[in-house]
Amino acid sequence: MVNVLSNKNTTTNNPPEKGLLARIRVASTALSRAERQVADFLLQKPHDALEMSIRVLAQVCNVSEPTVARFAQSLGFDGFKSFKLAFAKSLATGIPYLHLDVNQADQVKDVLPKVFDRTIAALMEARNNANSATFEAAVNLLARARRIECYGLGYSGALAIDAQLKFFRFGIPTTVFCDAHLQAQSASLLNSDCLVVAFSRTGRTRDLIRSVQLAKDTGAKVLVLCASGGPLAELADVHISVDVEEDPDIYTPMTSRLAHLTYIDALAVAVTLLRGPAAIDMLERAKASISEKRLVTKLDEMN
Numbered sequence: 001m002v003n004v005l006s007n008k009n010t011t012t013n014n015p016p017e018k019g020l021l022a023r024i025r026v027a028s029t030a031l032s033r034a035e036r037q038v039a040d041f042l043l044q045k046p047h048d049a050l051e052m053s054i055r056v057l058a059q060v061c062n063v064s065e066p067t068v069a070r071f072a073q074s075l076g077f078d079g080f081k082s083f084k085l086a087f088a089k090s091l092a093t094g095i096p097y098l099h100l101d102v103n104q105a106d107q108v109k110d111v112l113p114k115v116f117d118r119t120i121a122a123l124m125e126a127r128n129n130a131n132s133a134t135f136e137a138a139v140n141l142l143a144r145a146r147r148i149e150c151y152g153l154g155y156s157g158a159l160a161i162d163a164q165l166k167f168f169r170f171g172i173p174t175t176v177f178c179d180a181h182l183q184a185q186s187a188s189l190l191n192s193d194c195l196v197v198a199f200s201r202t203g204r205t206r207d208l209i210r211s212v213q214l215a216k217d218t219g220a221k222v223l224v225l226c227a228s229g230g231p232l233a234e235l236a237d238v239h240i241s242v243d244v245e246e247d248p249d250i251y252t253p254m255t256s257r258l259a260h261l262t263y264i265d266a267l268a269v270a271v272t273l274l275r276g277p278a279a280i281d282m283l284e285r286a287k288a289s290i291s292e293k294r295l296v297t298k299l300d301e302m303n
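Each residue of the sequence shown is one higher than the last, beginning at 1 in this note's numbering.
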């Protein structure tokens, strides 16, 4: 049986309990048709499902009880009981997802508050889903690396560029590749002192998976930021799950991109703290080096 939400990293083997609705949304495409019927019911009527036994849930979903058990196992749980307990905790502590999608009936004045509110809700969801042990493991990988390469394709390429702009200021040689051919070539030349940081919304982009596999073959470490359940996450030494549902009517990643960017900022700050005064001194020198390139204001002169 394939575990669609397994995380082969160095931090935890237990399925996360927070944000389970978001994880079910992400994983549903990888489930069997019968298991997807269970997922659809849970997403539509989560609180109703809490009151149901495995027998009743199987009946309302028009599936067998073993199918419900397999659904729970596909999400990384031992069985339906452990899944139901985690599901109850998730609903009790998680931020409910706000259905604030912009639609064609909206006026222009409706767009700005809806986009802001959806973004705030998505960032809160990502915050509640965050695993502190995984985050700490990611910070340690970054701090120990002798070389960092940031990979992303398409819109995720912009995330890789942002990471490179933040991470090179650690004083660690850092580069970015947003082209699949260049990624593959560079990945094949790495070694065990190197770290690849890969970004993807879905974790299912073939070229990126291939580049990361090439890096793994050289002995390089891999930090991945993507949704749970994809093959890219399986390759990670540390996988930061970014499970944020996108508006299905918008064809570019929006809220998930902002969650990725927030993780990048948090990683940069944490690594700076971990590396201590030397890292802070580097940041000060980098800042001073560009101060002369800005126009001086009257406020600057007063200070």
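No wet-lab data here; the hints were simulated from the structure.
These numbers come from a predicted model, not from an experiment.
Accuracy of the hints is not assured; some may be wrong.
[Claimed, not checked] Calculated pairs, DSSO-like style, for lysine-lysine (alpha carbon to alpha carbon, straight line, at most 27 Å):
#1 81 <-> 114
#2 287 <-> 166
#3 109 <-> 45
#4 114 <-> 84
#5 166 <-> 89
#6 89 <-> 45
Checklist entry - Looking back at the hints listed earlier, which ones does the structure fail to meet? => result 1, 3, 4, 5
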